[in-house]
Amino acid sequence: MKITILGSGTCVPSLKRSSCSVLIQVDTTLLLFDSGAGTMRRLLEAGITINDISYVFYSHLHPDHSGELVPFLFATKYPESYRRRKPFTIVAAKGFADFYEKLKLAYGQWIELAPGIMNIAELDNNDRDHLDCSVFDVDSLPMNHTEQSLAYRITVPNGASVVYSGDTDVCENLAILAEEADVLICESALPDEMKVPGHLTPSLAGEIATRAGVKKLILTHFYPECETADIFAQCRRTYEGPLVLAEDMMEIRL
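Numbers in the working numbering are just positions in the sequence shown, counted from 1, shifted up by 21.
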């Protein structure tokens, strides 16, 4: 597997960090996790087009995680010479299909794709769920953020696994889902001294990773306040394993 951090930022505009998005490659299959502002440009910088993506996973539907859904769909359909022919699947919590129908009330046929091109797989937002995707398995659990917030665990046949937290506050489900994971990509929105509801801090993310026995922790989803704080040192208070602070276009291989 190869992980590419496309966007390590938040809703706050930044020249350094695009909004949330992560690309995971499993053999030749490309999985996109969230699509905040700047995602499609970052994909191009990684040598990937939107037509190369087979799965799009949404952790939740806040605009900094889903803001380029509409541009993604629009660019999937237009112009005719670039129109996508290969099916892809969107994976999200229950309620996504209704969200898409409401988007179509605003955008109409501009984001309505030909039959069979886009499939929607909705996972339980109240309990553990599982999806068998042939070359990898997906497990999900609800997070402590919104009613439709999910974290995902991707496991490949050789047993390697990556967990993507999306946004969450302290949540036992994240420790359960990330148990013995090779990599946990975990939000760490603000420094310890600026904790806000619905989000983690470096030391809290480290605490969860330690309890789960995670082999490598990647912190991401940084608000500007993180740029002047010693995020690494704060996380080191609670996590002693390999630690990475995400940057846009960073690559990690398993």
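If you are wondering where the hints come from, they were derived from the structure by calculation, not from laboratory data. Don't take each hint at face value.
As the list claims (entries may be wrong) - Here are the simulated EDC-like pairs of lysine to aspartate or glutamate, each with C-alpha atoms no more than 20 Å apart in a straight line:
hint: 1; residue 1: Lys236; residue 2: Asp203
hint: 2; residue 1: Lys216; residue 2: Glu248
hint: 3; residue 1: Lys125; residue 2: Glu193
hint: 4; residue 1: Lys98; residue 2: Asp153
hint: 5; residue 1: Lys123; residue 2: Glu143
hint: 6; residue 1: Lys23; residue 2: Asp158
hint: 7; residue 1: Lys23; residue 2: Asp73
hint: 8; residue 1: Lys123; residue 2: Glu66
hint: 9; residue 1: Lys125; residue 2: Asp153
hint: 10; residue 1: Lys37; residue 2: Glu248
hint: 11; residue 1: Lys23; residue 2: Glu246
hint: 12; residue 1: Lys107; residue 2: Asp160
hint: 13; residue 1: Lys237; residue 2: Asp251
hint: 14; residue 1: Lys216; residue 2: Asp269
hint: 15; residue 1: Lys236; residue 2: Glu168
hint: 16; residue 1: Lys216; residue 2: Asp203
hint: 17; residue 1: Lys237; residue 2: Glu193
hint: 18; residue 1: Lys237; residue 2: Glu214
hint: 19; residue 1: Lys23; residue 2: Asp203
hint: 20; residue 1: Lys216; residue 2: Asp160
hint: 21; residue 1: Lys236; residue 2: Glu272
hint: 22; residue 1: Lys216; residue 2: Glu201
hint: 23; residue 1: Lys23; residue 2: Asp251
hint: 24; residue 1: Lys236; residue 2: Glu214
hint: 25; residue 1: Lys37; residue 2: Glu168
hint: 26; residue 1: Lys115; residue 2: Asp73
hint: 27; residue 1: Lys107; residue 2: Glu168
Against the earlier hints, flag every one the structure doesn't satisfy and list their numbers going up.
Per hint list: 3, 4, 8, 9, 11, 12, 14, 15, 16, 18, 20, 22, 23, 24, 25, 26 and 27 violated.
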